[in-house]
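**Student:** Sequence:
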Amino acid sequence: MKHNIIILSLLALLTYSCGEITLDEPTKPSSPSTDSTTTTDAGTDTLSVASLSEAKDSAKVLLRCYIVGYMPTMSSTKPRLSAEDAVESNIAVADVPSPDESMSFAAIQLPSNSDVRQSLNLQAHPELLNARVLLTGIKMTYYRRPGLKPAQSYKLLPSDTPPQPSTDGSGSAPADLPNFPTKNEDEEVFEGC
Numbered sequence: 001m002k003h004n005i006i007i008l009s010l011l012a013l014l015t016y017s018c019g020e021i022t023l024d025e026p027t028k029p030s031s032p033s034t035d036s037t038t039t040t041d042a043g044t045d046t047l048s049v050a051s052l053s054e055a056k057d058s059a060k061v062l063l064r065c066y067i068v069g070y071m072p073t074m075s076s077t078k079p080r081l082s083a084e085d086a087v088e089s090n091i092a093v094a095d096v097p098s099p100d101e102s103m104s105f106a107a108i109q110l111p112s113n114s115d116v117r118q119s120l121n122l123q124a125h126p127e128l129l130n131a132r133v134l135l136t137g138i139k140m141t142y143y144r145r146p147g148l149k150p151a152q153s154y155k156l157l158p159s160d161t162p163p164q165p166s167t168d169g170s171g172s173a174p175a176d177l178p179n180f181p182t183k184n185e186d187e188e189v190f191e192g193c
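Counting in my numbering, the sequence shown runs from 1 upward without gaps.
Rather than coming from a laboratory, the hints here were simulated on the basis of the structure. Be aware that a few hints might be false.
As the list claims (entries may be wrong) - Simulated restraints on C-beta separations: (1) Lys2 to Gln152: 21 to 29 Å; (2) Ser159 to Ala124: 14 to 22 Å; (3) Ile5 to Pro111: 21 to 29 Å; (4) Leu157 to Ile7: 17 to 25 Å; (5) Val96 to Lys60: 18 to 26 Å; (6) Arg144 to Asp100: 46 to 54 Å.
Unchecked claim - Straight-line distance between alpha carbons at most 25 Å, and here's what the computed BS3-like set of lysine-lysine pairs gives: (7) Lys149 to Lys60; (8) Lys2 to Lys149; (9) Lys60 to Lys2; (10) Lys155 to Lys2; (11) Lys78 to Lys2; (12) Lys56 to Lys78.
All residues carry an ideal CB built from backbone N, CA and C; glycine is no exception.
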C-alpha cells in the first residue's frame with residue numbers, strides 16, 4: 001500500500017510539474033539560401049565557414065563545407081591544402097572546394113576512437129580531399145580560429161551539385177535530413193520545467 005501511494009504521488013508530480021507546452025508554427029525564410037545562418041528550435045545553427053565566427057562558443061552548430069586539408073602541427077596557423085602526410089586528428093574545411101591560403105577556413109577536431117575520425121581523416125581517406133560535408137559539432141576556438149571542437153557527426157554530400165532547397169520550401173537542408181522549424185528571435189526558448 002505504501003508503494004502504491006508513492007507511485008501515485010510521483011505520477012501526480014510528473015503530470016502537473018509542467019504546464020501545457022505549446023510550440024509556435026515554424027516560420028519560413030523568404031528565399032532559400034545555401035550559405036545563410038538558420039537557427040533551429042533544436043539549438044543547432046546551419047552555418048558556412050565564413051559565418052562560423054558569428055556563432056557563440058560552445059554552441060552546437062551544423063556546418064556545411066568542403067574538406068580542403070588539415071592542420072599539420074599544433075602551432076600551425078594555416079592549413080596544409082592537400083592530403084599528403086595528413087594527420088588523423090583534424091581536418092581543415094572551407095566554403096569552396098579549392099581555396100587558396102588567404103580564404104576563410106576552419107579547423108575541425110576529429111575525436112579519438114570516433115566514427116567521425118575513422119570516416120573523415122585524410123590520412124586514411126585522401127580521396128575525401130575537396131569532398132562536400134555537413135558536420136555537426138561544438139563551435140570553439142581551435143588552432144586560434146573558429147572551428148569545431150569536437151566534430152560529433154557528419155554526412156557526406158554530393159560535391160558536383162549545389163544544395164537544393166528542401167521539398168517543403170522551409171530551407172536549404174538536403175531532402176534526406178530532417179527539416180527543423182526556424183526559431184524567431186522574439187520567441188521564448190523552452191528551457192525545461
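**Student:** Each hint: holds or not?
**Tutor:** Consistency of the hints with the structure:
no.: 1; hint: Lys2 to Gln152: 21 to 29 Å; verdict: violated (45 Å)
no.: 2; hint: Ser159 to Ala124: 14 to 22 Å; verdict: holds (19 Å)
no.: 3; hint: Ile5 to Pro111: 21 to 29 Å; verdict: violated (47 Å)
no.: 4; hint: Leu157 to Ile7: 17 to 25 Å; verdict: violated (49 Å)
no.: 5; hint: Val96 to Lys60: 18 to 26 Å; verdict: holds (25 Å)
no.: 6; hint: Arg144 to Asp100: 46 to 54 Å; verdict: violated (19 Å)
no.: 7; hint: Lys149 to Lys60; verdict: holds (10 Å)
no.: 8; hint: Lys2 to Lys149; verdict: violated (50 Å)
no.: 9; hint: Lys60 to Lys2; verdict: violated (45 Å)
no.: 10; hint: Lys155 to Lys2; verdict: violated (52 Å)
no.: 11; hint: Lys78 to Lys2; verdict: violated (67 Å)
no.: 12; hint: Lys56 to Lys78; verdict: holds (23 Å)
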